[in-house]
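Asks: Sequence:
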Amino acid sequence: MDESKRGTQPVNIEELKTKGNECVKDGKYIEAVLHYTQAIKMDPNNYVLYSNRSFAFLKLDQHYLSLQDANETVRLQPQWAKGYFRRAEVEAASGLYDEAIISYTRALQLEPHNPKLMESIKNITDMQKNKLKGNQNTIWICTCIGFIIGISIVVLDYSLTANPTLSQPLSMVAFSIALAGLGWTIGKTATLMSAWSAGKSLQPPPDLVPNDTNEKEAMPEKKTKYSKAQARQRYKQGKN
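In terms of our numbering, the sequence shown is residues 1 to 240.
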């Protein structure tokens, strides 16, 4: 029986892997995950299965689960470039461009002549440059808007009111610069918030985070019940 099971098990794993790959080609990523998961239960050390499931999870925008499988792929086979590639893909999708470049570079070290890795590094580098340029443009635009609003308020105050609040040229300039500074602060805050949001999709889903407090509250402590005879016996042993 044992030998027959061993003989059929690899075939079953290969069949599940093939079914999963076919589902990926058809865009049925949830079904692919189910097939890969079943195969992994039969062969927990098969790094290719983790890599394939990582890709399926990524297509489902399940970045946390995809990264877990990519890391497991790397752990099981650290000399396989595709594991680092999978990890880089998740990091790039999560907005962690610096980390993605490191993972892509590690994969390229293992496969120096892989054109896909070279192209991926170029693309992620361009994305990083565009992001930095976009952040600078955001700050500059917010600063200009603040300055224009400041000048507009000064002009309206001077032309539409009998007693302008800002009557001195120095105060007019100072007010406009102050609003420009406020615009710069808003722009800078927006870019910082964008940077902080990067990698948020890699946080574990709420249903995967253990809540020890709730579990303890949901499971009241069990109290041992004793019969009267047992209680008297324990009382006597305590006195002795």
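No wet-lab data here; the hints were simulated from the structure.
Worth double-checking, as some hints may not be accurate.
Computed list of lysine to aspartate or glutamate pairs in DMTMM-like fashion (alpha-carbon distance at most 20 Å, straight line) [as the list claims (entries may be wrong)]:
no., residue 1, residue 2
1, Lys200, Glu111
2, Lys19, Glu31
3, Lys41, Glu15
4, Lys116, Asp98
Asks: Work down the list of hints and note, for each, if the structure agrees.
Replies: Checked hints:
{"no.": "1", "hint": "Lys200 - Glu111", "verdict": "violated (30 Å)"}
{"no.": "2", "hint": "Lys19 - Glu31", "verdict": "holds (9 Å)"}
{"no.": "3", "hint": "Lys41 - Glu15", "verdict": "holds (14 Å)"}
{"no.": "4", "hint": "Lys116 - Asp98", "verdict": "holds (18 Å)"}
The structure fails to meet hint 1 from the earlier list, while all remaining hints are met.
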